[in-house]
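First to last, the protein sequences are chains A and B. Here the first sequence stands for residues 10 to 400, where the numbers follow the numbering used here. Here the second sequence stands for residues 7 to 402, where the numbers follow the numbering used here.
Quick caveat, the hints were computed from the structure, so don't treat them as lab data. Incorrect hints may appear among the rest.
Said to hold, decoys possible - Simulated pairs of lysine-lysine, DSSO-like, Cα-Cα distance not exceeding 30 angstroms:
no., chain 1, residue 1, chain 2, residue 2
1, A, K100, B, K206
2, B, K21, B, K382
3, B, K247, A, K62
4, B, K247, A, K37
5, A, K65, B, K324
6, B, K238, B, K17
7, B, K395, A, K62
8, B, K324, A, K57
9, A, K57, B, K395
10, B, K393, A, K31
11, A, K31, B, K247
12, A, K62, B, K324
13, A, K35, B, K247
14, A, K65, B, K247
15, B, K247, A, K34
16, A, K57, B, K247
17, B, K382, B, K238
18, B, K395, A, K31
19, B, K238, A, K57
20, A, K34, B, K395
21, A, K57, B, K393
All values reported here derive from a predicted model rather than from experimental measurement.
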Amino acid sequence: MNNDKKIFGITALFDTPNEIIKAAKKVKDAGYKYFDVNTPYPIHGMDKAMGLKSSKLGYVTLFFGFFGASSILFFMWWTLAVNYPLVIGGKPYFPLPAFVPITFEFTVLNAVISTFIAMIAVVFNMPFNAHPLHDSNYIKNVSSDKYGVVIESEDPKFDENNVKEFLRSLGGKSIEIIYNPEKQTFKVFQPRFVVFLIIVAIITSLSTYVTLNKLMYMPPFDFMMNQNKGSAQAESTFFYDKHEMREPVKGTVARGFIPYAFEGVVDTNEFYSNPFLPTKENLELGQKKFLTFCSPCHGDYADGNSRLQGQFPPGPTLHSARVIGFSDGKLYNIITNGQNGIMPSYTYQTTREERWAIVNYIRVLQRAQNPKPSDFTEISDTNKESGNASN
Amino acid sequence: MPQTESKYVKKELPKNLGTWGFVLLIIGVALSALSYAVDPARASFAYLTAFIFLLCIGLGSLFLVAMEYAAGAVWSVPFRRISEMFASSVPFLLLLIIPLFFSMHNLFIWMNPTAVAHDETLQVRMHYLNVPFFVVRDIVILLIWWLFYHLLIRNSRKQDSTFDQNLTTKNIKISMAFIPIFAFTISLISFDWLMSMTPKWYSTIFGVYLFADAAWVGFAVVTLTAVLLNEKGYLSSRINKDHYYSLGTWMFAFTVFWAYIAFAQYMLQWYGNLPDEIIYFAHRWYGGWKVVSLVLVISHFIVPFLLLISRRSKTNPKILIFAAVWIIAVQYLDSYWLVMPDMVNNGFTYSFSIMDFSFLIAVVGLIIVLFNLLAKKHNLLAIGDPKLKRSWEFHL
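One chain only, chain A, in its complex shape (with noise of 0.2 angstroms):
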């Protein structure tokens, strides 16, 4: 210790809880204002004596507590009524009453987090992780049989001798001088420190590997591999026709789903016509749909142009005269039956509404590459997006 170090403060010891209470009282008295008491358990009445007011610390719990109830509301209701609905359990996209627990447990957790973390910056002055009583025999002291007041250097009444003199009087016993620590900085990246944390890190990537895809083929922990049921792929060993995987029971429709009544009716041109205007809407729709089930092999304008690039046979351009001339009928047709055992069905992928909405989309892309001279003349005074509409 030299002395061209700063004093922290200044300690005082006493034997007994009424001897810290009467001193505290008259340090209060005294005056000063930055002091603090240190015991080994809490002492009922040091509050008053101390003169402190009632901790702000509640105001954070608070705060944290409220921000943490609405934030997490807020992002549940973002991701799972919002950007992603998703119908759970048949409830509405917003069921209050299911999102109350998680609420209640993050605003918990947040409140506890905060209040502990705000404590601990205020009492230990973060970023700095030591506090100058550290390590002095005065806080051995004070955590096992001896009752401690220290009056900091920080008080505007602060005098060595003085404050030496006052605790004396008062009946202190070893009386010490506290001071600051040199303000140390540390590097985050220490030798030390880096080895520790590879070996955290090859230590959770082998047990997380040796868990995942060792120990889940052993016995015990195997039971998940035997299930007593079918898979979907697997030979069935209970059915007559060996298929593990069932089929719904014949002349039954599912909900919602109108079968198609041309099956195997391969010229439907004269059948069907168009039941959907070509709104905003219903283009968006095959809009959609197109660019999803589309536009991977006859390319996103229809031109053929598409990303497989050689991989698979191409799809052919919307474009031609041949396919322009074809009926809407004709074309659902295509899309619902599949042609020339290439170009798959798209019965499972799209709704009846949806491949509908597809044509639709195909007339606009088609009219956009061919367009009549009237288009030209209208687009100056009408949306770009009506005009192509009124097709």
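With the hints as your guide, set chain B onto chain A.
For chain B alone, coordinates are given in the frame of chain A:
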């Protein structure tokens, strides 16, 4: 001990309290009798509501007395005698349940032989829900409560004159026996009188729901009375802010506990959405009950929660009195919500009736009369309790 003895001077309660209580009781009983004469079916539902309300107050108070002994609580000793006086309605439940036995055919669908004959589920339930077993079971339960009330309160009163510490030890043992029995019996009572009104519905947490209500309102009545009496100087000047704070904390704690239990019951059945289970909440959501259910959520949880959350309000006598009165009123609303929507099950249609108040007036009158009688006869403080001196030094 001598210090505290000499300091407690018993003051007489105002004389008109007893008169008021007696007048309320007479009016209430007269109106209730009239209600039975006019519309026995509707009156029996109103009577059950008031009975549940009284049961919650009496049994909640008895539970608090037992809990104090079992936990060795020190701070609550000055208020124990008040809880004991409110628990005095427990023996009267034996008398008051008799009219309910005679109106069971109005209350329960399973009393109707034709309804049971057409329903296999009900036929299975009838092994438990048959009149002889039902009546015997409930009378035995009420006798058990009366026995424990008698033992606990007799010892506590004897201590006022004998200052015998062994009486406290005895009461601790009695309380230890009472609490598990209480947990079991209050569940059975709630199943019998409330749950069996929707005989196919079941919720295993239902007994805990009624217990949460009982303990909540038990703390509310003791807070209301203790704060009122203490502010007027009937108890002792040595009751400090920390005693008030603890009373407020308990009301707050059971507010949250009720919310937890009620929500747990609601959420599981709402998520399952099975016809047998959801019918209970469907009856409390459709047909105008939606407003009552929402009001119940707000007034049973949100209002007391916000009212009692801060330390300052828990030490403020006026806010404590307001919160306690609020809680007692909401407890009646909760009893109402538990009973009334189930009228539909038995083929009645609910309509608001003035006769609901007649039974409430009678119950309030009965509680005041009992309290007044006992307060005249006994001390308002348990001056013989060895923990009382430590209780004066209670600090948080």
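So, going through the hints one by one against the coordinates:
1. With a C-alpha separation of about 24 angstroms, the suggested pairing of K100 (chain A) with K206 (chain B) holds against the 30 angstroms cut-off.
2. At roughly 10 angstroms between alpha-carbon atoms, K21 (chain B) and K382 (chain B) fall within 30 angstroms of each other, so this suggested pair holds.
3. Using a Cα cut-off of 30 angstroms, the hinted pair K247 (chain B) and K62 (chain A) holds, with the two alpha carbons roughly 16 angstroms apart.
4. For the suggested pair K247 (chain B) and K37 (chain A), the alpha carbons sit about 24 angstroms apart, so the restraint of at most 30 angstroms is met.
5. Proposed proximity of K65 (chain A) and K324 (chain B) is supported: the alpha carbons are some 25 angstroms apart, at most 30 angstroms.
6. Distance check on the hinted pair: K238 (chain B) and K17 (chain B) sit about 11 angstroms apart at the alpha-carbon level, within 30 angstroms; holds.
7. Only pairs whose Cα atoms come within 30 angstroms are accepted, and K395 (chain B) paired with K62 (chain A) is accepted, the gap being roughly 29 angstroms.
8. At most 30 angstroms may separate the alpha-carbon atoms for a hinted pair to count; K324 (chain B) and K57 (chain A) meet this at roughly 25 angstroms.
9. A distance of roughly 22 angstroms separates the Cα atoms of K57 (chain A) and K395 (chain B); the hinted pair therefore holds under the 30 angstroms criterion.
10. With a CA separation close to 28 angstroms, the supplied pair K393 (chain B) and K31 (chain A) stays within the 30 angstroms bound.
11. A hinted pair counts as satisfied when its Cα atoms are at most 30 angstroms apart, and K31 (chain A) with K247 (chain B) qualifies at roughly 23 angstroms.
12. Of the pairs offered as hints, the one joining K62 (chain A) and K324 (chain B) holds, with about 23 angstroms between alpha carbons and a cut-off of 30 angstroms not exceeded.
13. Distance restraint check for K35 (chain A) and K247 (chain B): the Cα-Cα separation of roughly 25 angstroms lies within the 30 angstroms cut-off, and the hinted pair is therefore satisfied.
14. Distance hint between K65 (chain A) and K247 (chain B) is fulfilled; the C-alpha atoms sit about 20 angstroms from each other, no more than 30 angstroms.
15. Distance restraint check for K247 (chain B) and K34 (chain A): the Cα-Cα separation of roughly 22 angstroms lies within the 30 angstroms cut-off, and the hinted pair is therefore satisfied.
16. In summary, the hint linking K57 (chain A) to K247 (chain B) is supported, as the alpha carbons are separated by about 14 angstroms, within the 30 angstroms threshold.
17. A threshold of 30 angstroms between alpha carbons decides the hint, and for K382 (chain B) with K238 (chain B) the separation of about 17 angstroms falls inside it, so the pair holds.
18. Taking the CA atoms of K395 (chain B) and K31 (chain A), the gap is about 24 angstroms. The hint holds against a cut of 30 angstroms.
19. Proximity of K238 (chain B) to K57 (chain A) is assessed by CA-CA distance (about 28 angstroms); at most 30 angstroms being required, the pair is judged to hold.
20. Pair hint K34 (chain A) plus K395 (chain B) holds up; C-alpha atoms about 26 angstroms apart against a cutoff of 30 angstroms.
21. For a cut-off of 30 angstroms, the pair hint linking K57 (chain A) to K393 (chain B) stands: about 25 angstroms separates their Cα positions.
In the structure shown, no violation is registered for any of the earlier numbered hints.
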